[in-house]
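Residue-level listing of the chains:
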Amino acid sequence: MVEWTEFERATIQDIFSKMDYESVGHNALARCLVVYPWTQRYFAKFGNLYNAAAIMGNPLVAAHGAVVLHGLDRAVKNMDNIKATYAELSVLHSEKLHVDPDNFRLLADCLTIVVASKLGTGFTADVQAAFQKFLAVVASALTKQYH
Amino acid sequence: MSLSDKDKSLVKAFWAKVAPKAEIIGHDALYRMLSVYPQTKTYFSHWPDMSSGSAPVKNHGKKIMGGLAEAVAKIDDLVGGLLTLSELHAFQMRVDPANYKILAHCILVVLAVYFPDDLTPEVHLAFEKFLANVALAMSDKYR
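For the record, the sequence lines run as chains A and B. Okay, so the first sequence: first residue is 1 according to this note's numbering, each after it adds one. Okay, so the second sequence: first residue is 1 according to this note's numbering, each after it adds one.
Where hints are given, some of them may not hold.
To be verified - Under the rule of at most 30 Å between Cα atoms (straight-line distance), these lysine-lysine pairs were calculated in the DSSO-like manner: (1) Lys-58/B / Lys-101/B; (2) Lys-141/B / Lys-118/A; (3) Lys-21/B / Lys-18/A.
Rather than coming from a laboratory, the hints here were simulated on the basis of the structure. Since this is a predicted model, take the numbers as computed values, not measurements.
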């Protein structure tokens, strides 16, 4: 069972309640595809990913970024039960999508950078710690059903 | 993942923009590392004060950014250029190389905080590669 402090709970709710899911999702996924190009292996059907401009402008990337962020929302709303909440999604990522779980960490890092750039100095060390802990719990839950 | 000419020019251009804020960045990145990754405090147990704004954190943040400035200047030969620093970190300080990745991430977060529009995905890619290569150069003499 993950223990959350009041500060951590409040911080996560605060960040996500103010977030533009579409914009942040788009930017985080596109950044991940640019900064860690091997992640493009999962998006062969997305068409033009030839360079950073193409990736940033690709509507399929934007749409999928939003899907991922809305998926994160489930954890935001069920912070005390993230493992169970993601059991099905974990099976999906393992059995159907065959995603190497290390990619969850890479996407999490990109998401952290995007949120840091939106919040500026409001993204203090304590806020960063809470946000990264949350993403680590999500990544762990998504990896749980891999075998 | 070696640095291309494009990477090097992106790094140099970005560094020119961020250098004026080097002290703030260095302090913030180091404080974040100590606070978000408390295991890194083990290397600084001799510091009387590790709080935000404290003298040891400020001074050491400045030193780190000075080292990075040197790395930017010697970007064409990081292993040779950072030889003395590598020996220091390898033989005297014995910093576990995994920590360079942690510090690099904290530096990138601080750069995102202060230069959100300049840290485009392409600049992020180039700068992260640069920090990874600095980490490799720093670990070069370990064994």
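Each hint, compared with the structure:
1. Between Lys-58/B and Lys-101/B, the direct Cα distance comes to roughly 20 Å. Compliance with the 30 Å bound is thereby established for this hinted pair.
2. For the given pair, Lys-141/B sits about 39 Å from Lys-118/A by alpha-carbon distance, which is inconsistent with the 30 Å threshold.
3. Note on Lys-21/B and Lys-18/A: the hinted pairing holds, with a Cα-Cα distance of about 28 Å set against a maximum of 30 Å.
Going through the hint list in order, the structure does not satisfy hint 2, though it satisfies all others.
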